[in-house]
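Under our numbering, the very last position in the sequence shown is 295; numbers go up by exactly one each time.
Bear in mind the hints are in silico, worked out from the structure with no lab data behind them. Note that this is a predicted model, so its numbers are computed, not measured. C-beta: ideal position from N, C-alpha, C; glycine also. There's no promise every hint is true.
Said to hold, decoys possible - Here are the simulated distance ranges between beta carbons:
1. R287 <-> A246: 34 to 44 Å
2. D57 <-> H21: 19 to 29 Å
3. G46 <-> R287: 20 to 30 Å
4. G46 <-> A220: 46 to 56 Å
5. D71 <-> S30: 21 to 31 Å
6. G108 <-> E216: 45 to 55 Å
7. A246 <-> S68: 39 to 49 Å
8. G158 <-> A279: 28 to 38 Å
9. G88 <-> A246: 43 to 53 Å
What the hints assert, rightly or not - Here are the simulated EDC-like cross-link-like pairs (lysine to aspartate or glutamate), alpha carbons at most 16 Å apart as the crow flies:
10. K20 <-> E81
11. K20 <-> E67
12. K50 <-> E81
13. K251 <-> E127
14. K251 <-> D132
15. K43 <-> E276
16. K43 <-> E235
17. K43 <-> D278
18. K20 <-> D71
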Amino acid sequence: MKHYAVFGSPISHSQSPHIHTAFAKQTGIAMKYTAIEADPDSFPSLLAESGVDGANVTLPLKENAFALCGNSLSARAQRAGAVNTLIRDGDNWRGDNTDGLGLVRDLTERHGLDLRQRRVLLLGAGGAARGVAPALLDAGIREMVVVNRTPARADALMDAMGEPGRVHARNWDSLPTLGGFDLLINATSASRSGQLLELPMALAAPRSDAVDLSYGEAAVGFLAWARAARCHKTVDGLGMLVEQAAESFRLWHGVRPETDAVYAELAARSAALFTAD
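Kindly produce the complete structure, drawing on both the sequences and the hints.
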């Protein structure tokens, strides 16, 4: 039986083992899938010791996974500068990034958002932001403004996209001066560490939409702000998680599972938890 895993820190909250187990049952593929806690220092050795046939990589390891793959990278991973999916290639690894595809598929097909000609604010410039930025540009957005607390990282993401007239980097302190956006995306890890983002309400334009790439409790703060700012739709990262997982599953097994039933189950479970609270 082949073994797959997700690596990250923290990882105990991850829904990936449940998602991939459901996909395996649906497609009749015998496999096991586990979650492995790893930080940037321990990740290479834990990956080697695990003996897995493939892996997903989440915060804060996506750029580490990119470096681990050398030149064995898909075009979308190269463009993103981050890897969330590892495919074993003998004793080496090939890297891909399914985050952007997962986000765009969730927003357009599940939530009915038209991304074309949107002005987008991307909060954060780490591995999560890098994973989704190329796919958003390919989906036809008009402009992307990247804001990060470390300006050099925002500049690096902007440069990696190679579209200086369309992608702009700004300092965090400039948020009150940026005007309104059609789509606001939180790709920071602040909420995972219990921090609240202090954002100007003026960032939300009339009928703007807001997306947090996190899900569950980690997405509560940003989406509560978005509702207070009267955003039209507020979406957490659960659907993106399911869709990017389906693409990873396809890369490993050659078949893409159906996602709607898995997403509906997880969404219902999440809603029940919050209702109970």
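Keeping to a limit of 16 Å between CA atoms, is the pair of K251 and D132 held or broken? holds, 12 Å
Keeping to a limit of 16 Å between CA atoms, is the pair of K50 and E81 held or broken? violated, 25 Å
Does K20 pair with E67 here, judged by a C-alpha cut-off of 16 Å? holds, 15 Å
I want to verify a distance hint. Is the separation of the beta carbons of G88 and A246 within 43 to 53 Å? Given a distance of about 46 Å, which is inside 43 to 53 Å, the answer is holds.
That 39 to 49 Å hint for A246 and S68 (C-beta), does it hold up? Since the Cβ atoms of A246 and S68 sit about 43 Å apart, the hinted range of 39 to 49 Å holds.
Note whether the CB distance of G46 and A220 lies within 46 to 56 Å or breaks it. Since the Cβ atoms of G46 and A220 sit about 52 Å apart, the hinted range of 46 to 56 Å holds.
That 20 to 30 Å hint for G46 and R287 (C-beta), does it hold up? holds, 24 Å
Could you say whether the range 45 to 55 Å given as a hint is met by the Cβ separation of G108 and E216? holds, 49 Å
Taken at face value, is the distance from the CA of E81 to the CA of K20 at most 16 Å? Violated, at roughly 25 Å.
Between K43 and E235, does the CA-CA distance stay at or below 16 Å? violated, 28 Å
Assuming the hint says 34 to 44 Å, is it satisfied by the Cβ distance from R287 to A246 or not? Given range 34 to 44 Å: violated, Cβ gap about 26 Å.
In this structure, is the beta-carbon distance linking G158 and A279 contained in 28 to 38 Å? Given range 28 to 38 Å: holds, Cβ gap about 29 Å.
Consistency with the previously given hints fails for numbers 1, 10, 12 and 16, ordered from lowest to highest.
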